[in-house]
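Student: Protein chains in written order, with the working numbering: chain A, 1 to 283; chain B, 1 to 324.
Just so you know, these hints were derived from the structure itself, not from any lab.
Please note that a few of the clues may not be correct.
Across the chosen pairs, the derived CB separations fall in these ranges [unchecked claim]:
no. : chain 1 : residue 1 : chain 2 : residue 2 : range
1   : B       : Cys300    : A       : Val118    : 55 to 61 angstroms
2   : A       : Phe105    : B       : Asn8      : 29 to 35 angstroms
3   : A       : Phe105    : B       : Gln154    : 31 to 37 angstroms
4   : B       : Gln121    : A       : Lys15     : 52 to 58 angstroms
5   : A       : Lys164    : B       : Asn18     : 52 to 58 angstroms
6   : A       : Phe105    : B       : Lys309    : 47 to 53 angstroms
Interface residues of chain A toward chain B, partial, derived using beta-carbon atoms under 10 angstroms [claimed, not checked]:
no. : residue
7   : Asp41
8   : Leu43
9   : Leu185
10  : Arg187
Glycine included, every Cβ here is placed at the ideal spot set by N, Cα and C.
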Amino acid sequence: MNTLIFLRDAFAGRKLATAGFLWLCLIVLAAIIAPLVAPFDPLEIDPVGRLTEPGWPNLFGTDHFGRDTFSRAIYGARMTVIIGVGSVLVALFCGGLIGMISAYFTRLGHFLMRAVDVLMAFPALLMALVLITLLERSVVNTVLVIGIVYATTTARILFGMTLKLKGETFIDAAVCSGAGNSSILFRHILPNLLSPLLVQASFIFAFAQLQAAALDFLGLGLPPEVPSWGNMLSEERIYITRAPWLLIYPGMLIVVSVFSMNLVGDALRDSIDPRFKDDIAGV
Amino acid sequence: MALLEVENLEIAVSTQRNLLPVVQGVSFTVDENETLGIVGESGCGKSLTSLAIMGLLGTSPVRITGGSIHFDGMNLLALSERERRAIMGNRMAMIFQEPMTSLNPVYRIGDQIVENLRQHQNLSHAAARDRSVELLSLVRIPDPSERIDSFPHQMSGGQRQRVMIAMALSCDPKLLIADEPTTALDVTVQKEVLDLMADLQSRMGTAIVLISHDLGVIAETCDKVAVMYRGKIAEAASTADLFAELLHPYTRGLLNSIPVVDRDVEWLEAIPGRVPTLEETLTGCAFQPRCELATELCACEAPQTTQFKPGHSVQCHFAGQDRS
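Chain A extracted, bound-state conformation (with noise of 0.2 angstroms):
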């Protein structure tokens, strides 16, 4: 009941935020009963059907092994989700613990985040391609390496949060009640930290889909024969002038739901931190 109020803030008077989450909601949908939505089956190749122009009874078209585009980009949306909160998960878990350990022990936070400033060093892409050279391409490396790549700014800004939360006087009131390290952190820390890992996560869901895109259209994302947007535009791109509806409808799937999910972290982020409300009526 509570969420539900607390959506209800957060969108009240925001139309782009508003059609950016309901957007989200469609694609989580459509990833979840796409057996039942797809007209194909994405991975069905029809020979002489190939490179067919949108219409029916194939919507978007047909690629040049004559597999359905509208069935790949339903069964795209699932990889979107499972790229998205996979890597998120990921991000937030080791970025989070090493923030929050960092931060409370001190000693050990020097050596911890000297190592995270290394790796933000490198730009976020390269990093995901060298580590996911050293791995080989499937699913889970994907999303490991994403999430990996985010784990580093989770990691600096949950250190940041919890070394000012670990001078609150309700800490030392904590450790005077006799409370250890891990009921001080798990318990009192974390859960002031729930909203700024809310909004983060929003951003690592949007950025990830950026970076999986990024590494399907340069082939090392994943495997080839998985359907999912960047794959799409990375197979289809040799047809940009004889089948452009190849790469126009993935191509405009990914900017869609990226800019929803940017729309949709904002709007969170401005209801949990007061500072920034109204700052972008409307929007």
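Assemble chain B onto chain A, guided by the hints.
Tutor: For chain B alone, coordinates are given in the frame of chain A:
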């Protein structure tokens, strides 16, 4: 043997170059059912002393460099982490100066009291909750069974301080340390909180260490007083003895600087100068630069603690003497 015995406590701040002493040779005892007041200006080391007793100086650059603290026969400075945690919040508890930030903002107050109870006592959740309601009514929170589900931000400062007191008292501690418990509250609430503490003491026989910079509060509530100045106890006596005969010129200065409602004065009498900073090394008495009685002796030689009368000790070469 007294319940709490602090002996020759030394606390120092470690800087990049050296150790600066902030508390030097502080000794006092507190018995059951007794209230000790510690007064002094900001920065005189009274809060550090209380933090040292509660073991809160752990990771900071401020360290205990000497002396001992015994509680109920146990050496608090030699306890293991596990033993310390079993005592804190159970047999000794602390009330902080800032009621607004002493409660965790994301938990209901009831859950916070229940957590403390269950940490130290073998209670079921329901039993701990019943006890929490009882405690809240004990500290005179109206509608305790309703308010137990409030979040800290839904309560006023005075109410929050009372919740802190309820939490501190939840396991019937033998010793309660109150670090300026009323400084952040307005005067009427201040009186209520002090009355409450006195009332609870008479009921449970708790020993209280009350830290304050308000001599009025101390005079009203304490059995014994220790006046601290720059890390040392300048004068210590029972409240009656101290206010009957002020021996240390600093204590006299503190008392003279209290505004009195029915006396019409243009200027309040203040102690001239300021507390010397930690970096200034002093050979003589720390109060000498500000003292009207100071002589060359004071500048050369630090006064030792002397028993002026039984139970009334003072650190001054000219204890009890006036300007004349």
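Student: Return the numbers of the hints above that this structure violates; sort them in rising order.
Tutor: Failing hints, ascending: 5, 7, 8 and 9.
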